[in-house]
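Sequence order for the protein chains is G, D, F and S. Using this note's numbering, read the first sequence as starting at 1 and increasing by one per residue. Using this note's numbering, read the second sequence as starting at 314 and increasing by one per residue. Using this note's numbering, read the third sequence as starting at 627 and increasing by one per residue. Using this note's numbering, read the fourth sequence as starting at 940 and increasing by one per residue.
Just to be clear, a hint being listed does not mean it is correct.
Claimed, not checked - Going by beta-carbon spacing under 10 angstroms, a handful of chain G positions derived as facing chain F: (1) Thr-102; (2) Gly-268; (3) Gly-270.
Keep in mind that the hints were calculated from the coordinates and are not lab data. Just so you know, these numbers come straight off a predicted model, no measurement behind them. Cβ coordinates follow ideal geometry from the N, Cα and C atoms, glycine included.
These are the residues of each chain, in order.
Protein chains: 4
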Amino acid sequence: MKRKIIIDTDPGQDDAVAIFLALASPEIDVQAIIAVAGNVPLHHTVENARRVLEMAGRPDIPLYAGAARPLRRTQTTAEHVHGPSGLDGIDTSWSLSMPVQTQSGVDYLIGAIRAAEPKELTLVMLGPLTDLAIALTLAPDIAGRLREVVLMGGAWSELGNITPAAEFNIYADPEAADIVFSAGIPLVVLPLDVTHQCLGLPERLTAMRENGNRCSVAAADMLSFSERFDLKKYGWPGAPLHDPCTIAWLLNPEIFGGRTVNVSIETGNGLCAGMTVVDWWRVTDRTPNALFLRDVDSDAFYSLLTSRLATLP
Amino acid sequence: MKRKIIIDTDPGQDDAVAIFLALASPEIDVQAIIAVAGNVPLHHTVENARRVLEMAGRPDIPLYAGAARPLRRTQTTAEHVHGPSGLDGIDTSWSLSMPVQTQSGVDYLIGAIRAAEPKELTLVMLGPLTDLAIALTLAPDIAGRLREVVLMGGAWSELGNITPAAEFNIYADPEAADIVFSAGIPLVVLPLDVTHQCLGLPERLTAMRENGNRCSVAAADMLSFSERFDLKKYGWPGAPLHDPCTIAWLLNPEIFGGRTVNVSIETGNGLCAGMTVVDWWRVTDRTPNALFLRDVDSDAFYSLLTSRLATLP
Amino acid sequence: MKRKIIIDTDPGQDDAVAIFLALASPEIDVQAIIAVAGNVPLHHTVENARRVLEMAGRPDIPLYAGAARPLRRTQTTAEHVHGPSGLDGIDTSWSLSMPVQTQSGVDYLIGAIRAAEPKELTLVMLGPLTDLAIALTLAPDIAGRLREVVLMGGAWSELGNITPAAEFNIYADPEAADIVFSAGIPLVVLPLDVTHQCLGLPERLTAMRENGNRCSVAAADMLSFSERFDLKKYGWPGAPLHDPCTIAWLLNPEIFGGRTVNVSIETGNGLCAGMTVVDWWRVTDRTPNALFLRDVDSDAFYSLLTSRLATLP
Amino acid sequence: MKRKIIIDTDPGQDDAVAIFLALASPEIDVQAIIAVAGNVPLHHTVENARRVLEMAGRPDIPLYAGAARPLRRTQTTAEHVHGPSGLDGIDTSWSLSMPVQTQSGVDYLIGAIRAAEPKELTLVMLGPLTDLAIALTLAPDIAGRLREVVLMGGAWSELGNITPAAEFNIYADPEAADIVFSAGIPLVVLPLDVTHQCLGLPERLTAMRENGNRCSVAAADMLSFSERFDLKKYGWPGAPLHDPCTIAWLLNPEIFGGRTVNVSIETGNGLCAGMTVVDWWRVTDRTPNALFLRDVDSDAFYSLLTSRLATLP
Ligand SMILES: [Ca+2]
Ligand SMILES: [Ca+2]
Ligand SMILES: [Ca+2]
Ligand SMILES: [Ca+2]
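Modelling step: build the complete structure from the supplied sequences, incorporating the hints.
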């Protein structure tokens, strides 16, 4: 039976590739996409989500707009990585035709979770956690009805990327992350510790492009664009690939390794704002609340990704 | 022309009296009531709002349910003041017939502000500021469309009531308060500095009860109940009356005195969580963001309140 | 029997007047003076302490230098109030002859407390609490040997002067204050709530000056200088007089009123850094640790001060 | 020419081995030892320092007592690692004869730095940084006179040991660490990232013991005791060896690798208290203040250590 998921996302090139991977996978049934402000402002992430769905030939999937900003922090965006549109690297000028739903993404989310069978829906979070945090504030009962939340965010041993201590998605809205990590929902966390192992080596991007189909070429183009920032910063032979790890985990969890531990969110205003504090060595008595992944077979990951992308238009 | 307001409230006996005062005042047009978790949990505040509207003969006013909990803090309630139902002091057992709208209070709020003329709507906040904070996160554009937000909360020289530093409404959701106080909306703040001057002296409650009508007697009964806590704590000759000050300010601002200053919210987890930090002496360069009231003619206030309550059923 | 005290001070005009008052009072035996960085840098406070002792004809009292800066905060000084020398208002150009001890003030303090009888020594703190905090870190045993610490600092209902939340002496070194307030020493706190009642009204300063003796005229001159800042800021008919309240309390505690309550220090970096959080209404279960004074008979205070100053050279 | 050092230490088995290594090295001239509260309370660390010096045949080196507790934190000790005495693993019952100086360690430190040539003295810090922090508060001028401070403490990618975010020495007194890291002194940091590579594998401890001399056998015995905790916690083939890395760096910096970066200390009370926030990837504009070492040739380290220990009694 297909796994029913809702994707909350701030595309972002890697978000786009994650959505492609989900749409290319018969094991997964994407119920809806919710765009949220994150890598770029909301109007861009909504447009980018439309573009991705149209490119994948799936304008039938309902698309909603979520939160336009984080809860209480000044909005931080990442155009220095993703370009001004968030999807730089492909032609973003053609006109879009698929609609955006008028209902708010948060309202849809609450209603969808309440309408589904208990433990039926999985939520995949690819950006700041604002929408889910608001939904949990308005309707705390949904926490007990989700199957799990699979999210890209945070770091343990890799520490931060946007600050020395914090990863972008969590840093962008630490209060939202705190709400989600405290809600008692089963969480699966794909942190930088994993995504920094999934380097977009030239031969991997070449293989992707050589699929030849529209979506594979676009994926390779987008990743070639967004990797420029990380290649310069880290001096590695390829840039990390983040968001698709969530979908890969749903498809093949055996290629990942991790531990069920406590992850708490630093919400102070100091040096560590937005840090995921991971009790990896269990030196506290905090209750484990997340499966925190740390390892991945990156060849298997790219092989899965590339073969699936080939099945799209 | 009548002033159009929406009341967001967590009744609470003093919320009930504030709603009575608004409904009794021809200068004011109450568009809707939104109940939020605060003094007591959401299911109680919704029921209490229904009870208040029915008692005032206004079941036609649309009632919405807002947030069921604060954004990221553990929920703090105040049954030690208000009793288990939040409206203890009157008979709360009779059955209610007026409906609760199915649309979420936050969704209604966003839509109503967008549908109104610019600067037409005034928002009166009588509980934690969660609903407005969420609305501002989902739809930041509404900040520029409100006429003003008049709220009961915070303190300067009176300092805190729920902690040594913080007043209940702000303490219950400091992140929400921070969002509201940072949003650039014209704010009018009725803090403990004002409400601690509006003591429910025995002769004042007697005068209210002697109006003889249902709502006046209920108001006097409710305030007699809720004052027990404060009388014991402060040893004053009467208990402070909080929420009706907001409506009184709308009706007769001349009986209040204050300054336009900066008010910032402490969102740390330390001793001062939820404190309203008021730059009364202007020792910082923070931009003034609120008319912070500090004085009131309490005789004029009670006179206004009592005479208006007499016009209700 | 005389009360033996050590005065730790950052003169400052009001410190100078406090030292005058102590030296003019036969009930008090000043064992030593320790100068600390505070209102102005250490080299100025040392010079100013020499000047005050020489002016009072007491170069025999040993003078020590304490800490040159606060523990971890960037140094904040108050030349905008006290003038560049800290003693502006009198002629500060004549040459000084009394010595400064070579032993560190902190070392002296530890040794003196250990050498005295248990509960014999009283410590009067008129500036940031750095020296005592360091002494307590190096030698925690001294906490149990002091009779009491009488300090000028903090505020409750008056809130802050250097920031909206914090008074200067505590703000200048909150970590030191936290150490002192947590040490289990009997504390007497003279906060802004008291000192803002001791206004240097023109007739009071005139009476002081009319004593005619050198020290009274100097006191009146100094207070006339330093009040300029507060008169402009507050618009009051006279400026608050701070540090002499500590000595006045030793001489005549009956003219003060207060409560024994818990006072905790906010050490975060946020809006409330250095605030004295006073549990005046006892809404927490924190253990009372200080006699926190709130009221004073200001006429009695100025009468005491002026009559005593007349007995000096 | 010999490098003149002062060692500030909280022995601790690994402190003992570090002191042995310094005393065994002709390149180094140990001017004095200061014992500070840390792994165990001050009276134990003083006794342990005496024991180490007597065992090494160097009772002529002056020994001072420093701070008895951290600045403002509740004292945290580590008997769970080091045993109740701090030197468990060897016979600690024999009687000691060498004296402890009566001057305070902090006073000595200030005087020694001022008496030395500029940039002559190196300070090696093996415990909480309390003593140096106090010295810098009392005498900020010493910051510019030190050659460098070489310290064991903190972590980057290894994160914490006493909490998920913080290493013991920094966590025990974060305010002290903040003072030291902000003082403008050249710093060399040996963090857990280095010391977790210096595992006391069985063959390494065996080689040490096979030296046969008193100090080598004692070192092997002590490390065998203290490793029990880490072996159980981490499941590694040997326990990390911390403090001797500082002396090894002085002797042979070529076996270490690192970067000059900014290291800031989190002093909040939250989840990250005492964390060393390392800007390894230079994503902030904070000024580099420390040579932060990350790599070590652990075979070379143990070879150096073991061969030097053989030269002691
Ligand atoms: Ca994303
Ligand atoms: Ca209320
Ligand atoms: Ca002073
Ligand atoms: Ca150590």
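Against the structure, the hints:
| no. | hint | verdict |
| --- | --- | --- |
| 1 | Thr-102 | violated (40 angstroms) |
| 2 | Gly-268 | holds (8 angstroms) |
| 3 | Gly-270 | holds (6 angstroms) |
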